[in-house]
Amino acid sequence: MRNVYLDYSATTPVKEEVLKEMIPYFTEKFGNPSSLYDKGLESKDAVTHAREQVAALINAKPAEIYFTAGGTESDNWAVFGACEKLKSKGNHIITTKIEHHAMLHSCAFLEKQGYEVTYLDIDKDGFIDLKQLEDAITDKTILISVMLVNNEIGTIQPIKEVAAIAKKHGILIHTDAVQGLGNLPIDVKDLGVDLMSVSSHKIYGPKGSGALYIRKGVSISNYLHGGAQENRRRAGTENLAGIVGFGKAAEIAKNNLENHIKHCSELRNYLKDRIIAEIPDTYVNGTMEKRHPGNLNITFKYIEGESILLLLNQFGISVSTGSACSSTSLEPSHVLSALGVPVEMIHGTVRFTVGDFTTKEDIDYVVDNLKTIVAKLREISSVNSTKGW
Amino acid sequence: MALYNDIVMDHFLNPKNVGELENPDGTGVYGSPVCGDMMQIQIKVDGEKITDAKFKTFGCGSAIASSSMATSMIIGKTIEEALEVTNKEIIDNLGGLPPVKVHCSVLADKAIKNAIYDYAQKNGKHYAALEGYDPNADEDDDHGDIEE
Ligand SMILES: Cc1ncc(COP(=O)(O)O)c(C=O)c1O
Ligand code: FES
Numbered sequence: 001m002r003n004v005y006l007d008y009s010a011t012t013p014v015k016e017e018v019l020k021e022m023i024p025y026f027t028e029k030f031g032n033p034s035s036l037y038d039k040g041l042e043s044k045d046a047v048t049h050a051r052e053q054v055a056a057l058i059n060a061k062p063a064e065i066y067f068t069a070g071g072t073e074s075d076n077w078a079v080f081g082a083c084e085k086l087k088s089k090g091n092h093i094i095t096t097k098i099e100h101h102a103m104l105h106s107c108a109f110l111e112k113q114g115y116e117v118t119y120l121d122i123d124k125d126g127f128i129d130l131k132q133l134e135d136a137i138t139d140k141t142i143l144i145s146v147m148l149v150n151n152e153i154g155t156i157q158p159i160k161e162v163a164a165i166a167k168k169h170g171i172l173i174h175t176d177a178v179q180g181l182g183n184l185p186i187d188v189k190d191l192g193v194d195l196m197s198v199s200s201h202k203i204y205g206p207k208g209s210g211a212l213y214i215r216k217g218v219s220i221s222n223y224l225h226g227g228a229q230e231n232r233r234r235a236g237t238e239n240l241a242g243i244v245g246f247g248k249a250a251e252i253a254k255n256n257l258e259n260h261i262k263h264c265s266e267l268r269n270y271l272k273d274r275i276i277a278e279i280p281d282t283y284v285n286g287t288m289e290k291r292h293p294g295n296l297n298i299t300f301k302y303i304e305g306e307s308i309l310l311l312l313n314q315f316g317i318s319v320s321t322g323s324a325c326s327s328t329s330l331e332p333s334h335v336l337s338a339l340g341v342p343v344e345m346i347h348g349t350v351r352f353t354v355g356d357f358t359t360k361e362d363i364d365y366v367v368d369n370l371k372t373i374v375a376k377l378r379e380i381s382s383v384n385s386t387k388g389w
Numbered sequence: 001m002a003l004y005n006d007i008v009m010d011h012f013l014n015p016k017n018v019g020e021l022e023n024p025d026g027t028g029v030y031g032s033p034v035c036g037d038m039m040q041i042q043i044k045v046d047g048e049k050i051t052d053a054k055f056k057t058f059g060c061g062s063a064i065a066s067s068s069m070a071t072s073m074i075i076g077k078t079i080e081e082a083l084e085v086t087n088k089e090i091i092d093n094l095g096g097l098p099p100v101k102v103h104c105s106v107l108a109d110k111a112i113k114n115a116i117y118d119y120a121q122k123n124g125k126h127y128a129a130l131e132g133y134d135p136n137a138d139e140d141d142d143h144g145d146i147e148e
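Top line first, the protein sequences correspond to chains A and B.
For the first sequence, the numbering used here gives the first residue as 1, with consecutive numbering after it.
For the second sequence, the numbering used here gives the first residue as 1, with consecutive numbering after it.
Calculated lysine to aspartate or glutamate pairs in the DMTMM-like style (CA-CA distance at most 20 Å, straight line):
#1 A:290 to A:187
#2 A:262 to A:364
#3 B:16 to A:379
#4 A:376 to B:10
#5 B:44 to B:81
#6 A:160 to A:129
#7 A:160 to A:190
#8 A:272 to A:364
#9 A:376 to B:20
Chain A is faced by these chain B residues, among others (derived, beta-carbon under 8 Å):
#10 18
#11 40
#12 64
#13 100
It is worth saying that the hints were derived from the structure and are not from the lab.
Note that CB positions come from ideal geometry on N, CA and C, so glycine has one too.
Generate coordinates for the entire structure from the input sequences, incorporating the hints supplied.
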């Protein structure tokens with residue numbers, strides 16, 4: 001059976017070249033980067049090199065890159081570190097309704113500690129309203145955090161404009177760029193952000209490895225306390241091989257960016273065009289403009305996403321869904337809810353993300369099977385176009 | 001490794017009794033208050049015996065499997081016997097469901113009861129098990145509390 005992985009936003013395979021770079025750092029080059037003998041210095045050099053590679057991808061200075069255990073830690077550090085540092089200045093955070101849970105659950109925790117959080121809406125296309133942002137600012141606002149690219153609908157937020165507003169009011173600005181990294185050109189200088197979260201496993205690097213960009217001159221409290229690693233700002237012996245892998249993945253992403261975007265968007269658009277043309281009652285969620293090049297989020301009316309996912313899985317196809325039935329909380333996707341998609345329509349949503357290893361044949365295979373699967377589930381479904389919901 | 005066991009998968013992939021009856025003696029529809037899904041079960045009754053049953057389900061894999069199992073279980077049973085079918089028996093016959101999916105079997109259980117209720121209403125029948133039954137009530141279906 002064919003295997004077609006269309007969930008590159010969930011995670012990506014580690015590229016061969018990346019793995020090859022990493023392997024020696026598990027075995028012969030295992031030294032602790034903090035050790036002063038050659039074996040340690042060799043590891044320290046590797047971390048330094050990776051820092052340069054990651055910095056280059058986002059036009060940062062290497063000293064502004066702090067390695068972490070991934071996007072979740074970076075988000076947590078940014079928000080908790082900023083709030084701790086600035087608690088005498090205020091207790092108000094502005095973020096959006098569509099952030100990743102790494103941000104939303106951190107904010108919910110802070111609300112319990114007495115912080116106030118404003119969650120910005122998104123419009124029907126998937127974008128925040130800059131006026132609503134500016135209106136939400138109070139003299140107690142200490143942090144604005146808006147994600148660069150949404151993980152479910154792929155929309156790219158106007159972070160440069162958000163950062164300009166933050167700057168005008170003297171407020172710290174963080175962006176979660178986990179889904180953006182390697183999928184669009186990112187220049188932190190141009191964006192004007194103070195803090196930015198990135199993760200390795202979304203760009204063909206290993207899992208459990210990521211970074212927080214902290215602009216030079218910006219100060220937030222530490223989140224992990226211990227040794228003097230990462231310029232005394234993030235304690236813990238470095239995830240050496242993970243960092244080396246992230247560095248290599250970042251280098252490849254930089255060199256390959258244009259090709260990657262072209263490859264993904266062509267296949268994604270082909271997938272979208274075929275689905276919309278060949279399967280009735282299907283809708284794209286979020287605008288196709290200003291969107292992650294590989295992301296497609298579709299509602300198949302009258303059927304439920306977990307059933308679609310399970311049947312696609314029978315054909316070796318991997319996708320994800322925003323349906324309530326497939327979440328452990330049995331809540332429909334908070335992103336699609338914020339987008340204004342009715343609950344019963346959220347039920348039938350599937351997220352497809354194509355990536356570097358996707359081929360046109362893969363897309364054809366998926367659409368051909370999808371047609372049968374959707375027809376079969378609509379046969380079974382108790383709702384349809386004439387009966388309504 | 002798989003989300004569901006083989007029996008559940010088999011009933012999901014090859015569901016039995018999908019469709020609608022031409023002249024049903026009773027039709028029951030029930031929507032899940034938990035996740036927003038919807039199930040319809042129809043029955044054909046001869047004397048006191050359920051001779052046929054069909055379902056249509058808008059829902060997840062275990063909702064479809066539960067409908068298939070539930071309809072299979074009531075065909076050939078008397079109304080009284082069918083009223084005794086519980087969601088626990090549906091789950092047991094399916095070889096178990098993940099805790100978060102228990103409410104999907106409740107959906108099937110409720111849809112059966114509603115179909116019988118409809119039959120009873122139309123035919124002026126009374127069954128002890130339906131005394132005071134409210135077809136629209138939200139069943140308290142403990143779906144297993146999930147810690148986030
Ligand atoms: C937007 C966004 N932020 C944060 C994360 C968390 O990153 P990680 O898996 O590296 O902890 C993810 C990954 O799912 C994501 O998509
Ligand atoms: S029908 Fe929604 S979880 Fe089963």
